[in-house]
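Participant: Sequence:
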Amino acid sequence: MSEISPAEWTAILLSLRVAVIATLVATPFGIALAWLLARRDFWGKSLLDALVHLPLVLPPVVTGYLLLLTFGRRGLVGGFLADHLGIVFAFRWTGAALACGVMSFPLLVRPMRLSIEAIDRKLEQAAETLGAAPWKVFFTVTLPLALPGVLAGMVLGFAKAIGEFGATITFVSNIPGETQTISSAIYSLIQTPDGDAAAGRLVIVSVILALGALIAAEWFARRATARLHGN
1 MSEISPAEWT
11 AILLSLRVAV
21 IATLVATPFG
31 IALAWLLARR
41 DFWGKSLLDA
51 LVHLPLVLPP
61 VVTGYLLLLT
71 FGRRGLVGGF
81 LADHLGIVFA
91 FRWTGAALAC
101 GVMSFPLLVR
111 PMRLSIEAID
121 RKLEQAAETL
131 GAAPWKVFFT
141 VTLPLALPGV
151 LAGMVLGFAK
161 AIGEFGATIT
171 FVSNIPGETQ
181 TISSAIYSLI
191 QTPDGDAAAG
201 RLVIVSVILA
211 LGALIAAEWF
221 ARRATARLHG
231 N
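Going by my numbering, 146 is the number at position 146 of the sequence shown; the sequence numbering is gapless.
Keep in mind that the hints are not guaranteed to be accurate.
Stated by the list, open to error - For each label pair, taking beta carbons as the anchor points, the in silico distance ranges come out as:
{"#": "1", "residue 1": "L76", "residue 2": "E218", "range": "35 to 43 Å"}
{"#": "2", "residue 1": "R121", "residue 2": "I87", "range": "35 to 43 Å"}
{"#": "3", "residue 1": "P144", "residue 2": "F80", "range": "35 to 43 Å"}
{"#": "4", "residue 1": "A7", "residue 2": "T140", "range": "47 to 55 Å"}
{"#": "5", "residue 1": "V25", "residue 2": "F139", "range": "17 to 25 Å"}
{"#": "6", "residue 1": "I190", "residue 2": "I87", "range": "27 to 35 Å"}
{"#": "7", "residue 1": "A132", "residue 2": "T70", "range": "37 to 45 Å"}
{"#": "8", "residue 1": "L47", "residue 2": "L76", "range": "19 to 27 Å"}
{"#": "9", "residue 1": "V62", "residue 2": "R121", "range": "36 to 44 Å"}
{"#": "10", "residue 1": "T140", "residue 2": "D196", "range": "49 to 57 Å"}
{"#": "11", "residue 1": "G86", "residue 2": "V20", "range": "18 to 26 Å"}
{"#": "12", "residue 1": "R223", "residue 2": "T70", "range": "32 to 40 Å"}
In case anyone wonders, no lab produced these hints; they're calculated from the structure. For every residue, glycine included, the Cβ atom is placed at its ideal position computed from N, Cα and C.
Work out the full structure: start from the sequences and follow the hints.
Facilitator: See below:
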């Protein structure tokens, strides 16, 4: 690991920053959507659920291209943000965070939804009977009980964001120091003469990060199960 070059460290640190930002920004939306899907029945629920999981089955390049059409400088949303708020996503590290957030969102929402669905609704109803407002029930009963599942979803989303490639390179390209994450750096290195050693080092880092995230996610999932069963 001591042989990692400054350029490789830049890609690693950028990947971590992108994954952390993507996870933190996506988490509130994930919790809200998980609660909605777990606790409410409404017209179009199946369609919404399908849309949430769509990035899992679409080719990542398609997702990246749709992001480029939407959030690019000439896109409907991207053009407005750039012209009126000065916010630019295309070919910036913030765009990489957006792409990673979109691609990891299904994996983030799923454990949260399952955790909320597993909570005994009688506990929430008891709090409501005692006069607690719905928002208070959520923050004092539902969310604390679902917290291990929330954390598991965050860890899985983080792991997915670390390894994202197709949507990211399509949306923000592969610019060293700006949008070149671990995955895109490996892609560049395997096409470069004598780049195998550097690519191998980054592969090892990726495996370590992914394994750590999966082990953490499994631990949080076990904690959620034990908590819901009173152990």
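Participant: Could you run down the list of hints and mark each one as holding or not?
Facilitator: So, going through the hints one by one against the coordinates:
1. L76 x E218: 35 to 43 Å: holds, 40 Å
2. R121 x I87: 35 to 43 Å: This hint holds: roughly 41 Å between Cβ atoms.
3. P144 x F80: 35 to 43 Å: holds, 39 Å
4. A7 x T140: 47 to 55 Å: holds, 48 Å
5. V25 x F139: 17 to 25 Å: Between V25 and F139, where Cβ atoms are some 20 Å apart, the hint holds.
6. I190 x I87: 27 to 35 Å: Since I190 and I87 have Cβ atoms about 34 Å apart, the given range 27 to 35 Å holds.
7. A132 x T70: 37 to 45 Å: Since A132 and T70 have Cβ atoms about 40 Å apart, the given range 37 to 45 Å holds.
8. L47 x L76: 19 to 27 Å: Between L47 and L76, where Cβ atoms are some 21 Å apart, the hint holds.
9. V62 x R121: 36 to 44 Å: holds, 38 Å
10. T140 x D196: 49 to 57 Å: holds, 54 Å
11. G86 x V20: 18 to 26 Å: holds, 23 Å
12. R223 x T70: 32 to 40 Å: holds, 37 Å
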